[in-house]
Amino acid sequence: MSKLKKLTGRTLFLPIFCMLLVMCANIIYDAACGNFALNFFTISIQNGVLYGRLIDILNRGSEIAILAVGMTLVVSASAGTDISVGSVMSLAASFCCMLLAGFGVSSTNELQMPLIVGLLAGVLMGCLCGTFNGFLVAYLDIQPMVATLILYSAARAIGLLLCNNLIVYIRNDSYAVLGKFIGPVPTPILVAAACVIIALIVLKKTALGLYIQSVGINKRASRIAGLNSRKIILMCYIVCGLCAGIAGLVNSSRITSADSNNIGLSYELDAILAVALGGNSLGGGKFNLIGSIIGAYTIQAITTTLLAVGVSTDVAPVYKAIIVIIIVAVQAPAVKDYFSRQSAKRAAAKARG
Amino acid sequence: MEKNVVLTMRGISMTFPGVKALDNVDFTLRKGEIHALMGENGAGKSTLIKCLTGINAFESGEIHVDGISGPVVNHSTLDAQKKGISTVYQEVNLCPNLSVAENLFIGREPKTRIGTIDWKTMTKKSQKIMKDLSIDIDVTQNLENYSLAIQQMIAIARAVDMESKVLILDEPTSSLDDNEVEKLFVLMRRLRAQGVGIIFVTHFLEQVYAVCDRITVLRNGQLVGEYPIEELPRVKLVAAMMGKDFDDLAAIKTEDKTDYSKAPLYIEAKGLSHKGTIKPFDFEIHKGEVVGLTGLLGSGRTELARVLYGADKTQSGTMKVNGKEVKINAPIEAMNLGMGLLPDDRKAEGIIQDLSVRENIILALQAKRGVFKLLPMSKQIEIADKYIELLQIKTASRETLIKQLSGGNQQKVILGRWLATDPEFLILDEPTRGIDVGTKTEIQKLVLKLAKEGKSIIFISSEIEEMLRTCSRMAVLRDGQKVGEITEDLTQQHVMAEIAGGGSK
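Protein chains in written order, with this note's numbering: chain W, 10 to 362; chain B, 8 to 512.
Source of the hints: derived by calculation from the structure; they are not laboratory data.
Fair warning: this is a prediction, and the values are worked out from it, not measured in the lab.
Glycine is no exception: its CB is placed at the ideal position from the N, C-alpha and C atoms.
Please note: incorrect hints may appear among the correct ones.
[Said to hold, decoys possible] If you want the ones that stay clear, here's a sample from chain B, every Cβ over 12 angstroms from chain W, calculated: (1) Thr35; (2) Lys327; (3) Ile339; (4) Ala341; (5) Leu349; (6) Asp361.
[Claimed, not checked] The list that follows gives simulated cross-link-like pairs (lysine-lysine, PhoX-like), each with its CA atoms no further than 20 angstroms apart: (7) B:Lys380 - W:Lys214; (8) W:Lys295 - B:Lys410; (9) B:Lys354 - W:Lys213; (10) B:Lys410 - W:Lys240; (11) B:Lys320 - W:Lys213; (12) W:Lys295 - B:Lys320; (13) W:Lys214 - B:Lys410; (14) W:Lys214 - B:Lys320; (15) B:Lys375 - W:Lys240; (16) W:Lys240 - B:Lys401; (17) W:Lys213 - B:Lys386.
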């Protein structure tokens, strides 16, 4: 009993538990359909690249995982969410493609400038958007939801303007590299892994984690203790913008084009959900980055599972919503309290004989 | 239930992780009695009260309330209020962004016939309540526009207005000045005459003897005893609280007549000010000197200190630190010059609630080192343990969240945070508020010890005695202005006269 309690008390217990739940659902489904029960976990090599549902989840979940890194920091430091990340993804991709193809060109085989310059410009655009958001939140004290609402609606449209209302196609193999494979491994997985690892190292080796949490918990006290609360919040938003930029480029590279209207659509919701599923309070303060990352892949696992089961893309959100409600409800303090009280009652009844 | 008794608690026990907070505690409250609940930090006073009001669930024991048959278990403060038990806590727990009237009537707003809130009646009733307590304020203004002291009075007014049988005052006076305390006492006596039972938790011994009829003493979660006030003189009370004989705050100040004016100047400020809080002032402090800032609450003593530290930016004047002209724009700049500020509002500006004791202690030092020079964990642990030991912080472990500590222990953690930065100049704003007698003495000794090591200290306290014991000079403030300094004849009467002003002797 006490061992179980210790286990459930761990911070990462719930996100991992949710992940396992999704996996179990897969096993049961496969078994029920008469497929190989461990279909979900099977990884094979086809056409020289890794193949399997697990790989698919890791691959497709890359963007959400990258976004979750930035979102976790923003939520922690400012007790608010950056709802502009999806639009910023689109803007970064559009800006990059516009530079590579030239303004007004809808399809190109030749790059107008070195690929790396275009990519850096895209990422920089993400940072710029993050700076704008961060400035509004940290220095003008505007509520995060309201501040980021501006770019939520504007960034996508700016991207469309930059692309002269066109879908810009880059028909050059070098641009596809971010969305395809390096060796047998899908590149997005590597990009996401790099982002997460860098973030973890920075948090481990510097005092940034302490600073961010401290500011998120008590801004005024942190200032008196010598932290520049505003600067720290601004920085979190810049990192969030940076992550959105990277995610946008990965997403654009998959389709080798800048489709302003569709890149990053609704990704902000998945990113916020990932943070919540990771056991982080949206009220700010303490955070757990690993939890958010697990949360991100859990969301993708749900989506992929639904598609594998044959739910059509249009109605998938309904099932996704149901699953999310269950997962979030399990984590809610009120529900947790209820269950712990029930088990205490049972223990008491047992003791009485 | 015995006649005249309005509340009995029998055999109350409760455990926090790693600490037995209450162990079989009894408590009895009679009608029309002011009953002091005394004990050191962590003795279990607040826990006992939280058990009564339903914030903490106790593990065993029974509570009986007059007029209710059977044992009472409250699950929330609202629950307790319905049963006639109202509480005013140590820290103001009202909504700063609502008006005074709204705060007074929150959860029980007067309704019109169609069920909407009857604002007119609410405002009128609020005005009457405030007038009865002779507090002259505009009840339609937001609560945050008023000082902490006024907010506290409003919290009490709210509790009183709910026709309670039992009124709990948990450190209500810690942010009030003498006048306000006297007003509160008048009110408490009036309620006593009406038959209300009042539980009074305080660290101020004088206040206990000024209003209370009976004292219950707790120590380390256990009941020491219940005494009528006449049978427990001050010295015995302190002894009961500490569990040993203790000469009541022995004169710790050595007759030290050092002339600090010869010592090198640490700070030399001319004409500093912050609009709306403190008018231009000059201020000097020498190395190794302890200077007190005294004045009524809201006189500008806190604000003066905040300007020196850069917590509020100065809008005029010049400042020299160690003979060099500086301009301080943010606390971190002050810290880099060797300063530290222990703020008076511990909850809002001191503790980082959800971080551990260790993280709270190293925070300022880490901020000073910068983001890239993370203190190695071994060093963090060493520093945390050092100050937990030195300041005798009562905590289950160094990884306990600071919000789980009692108020006084939280204060010690913040003090530890500043000592860890090895400051040259410390501003201590109400460092002993909410701290028990024993620790108070310890802190005063510590202040004198730091001064001997050549550090300069500003000491701000509502207790003049405490400042007389530690300070070699006092600056007097009145209405947001520094009106003078007392360098000689540091006696209670003289200081009081200066604070009151108008040349009265």
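Evaluated hints:
no., hint, result
1, Thr35, "holds (29 angstroms)"
2, Lys327, "holds (22 angstroms)"
3, Ile339, "violated (4 angstroms)"
4, Ala341, "violated (8 angstroms)"
5, Leu349, "violated (9 angstroms)"
6, Asp361, "violated (5 angstroms)"
7, B:Lys380 - W:Lys214, "holds (8 angstroms)"
8, W:Lys295 - B:Lys410, "holds (14 angstroms)"
9, B:Lys354 - W:Lys213, "violated (28 angstroms)"
10, B:Lys410 - W:Lys240, "violated (26 angstroms)"
11, B:Lys320 - W:Lys213, "violated (34 angstroms)"
12, W:Lys295 - B:Lys320, "violated (30 angstroms)"
13, W:Lys214 - B:Lys410, "violated (27 angstroms)"
14, W:Lys214 - B:Lys320, "violated (33 angstroms)"
15, B:Lys375 - W:Lys240, "holds (15 angstroms)"
16, W:Lys240 - B:Lys401, "violated (35 angstroms)"
17, W:Lys213 - B:Lys386, "holds (15 angstroms)"
Comparing the model with each earlier hint shows violations of hints 3, 4, 5, 6, 9, 10, 11, 12, 13, 14, 16; every other hint is respected.
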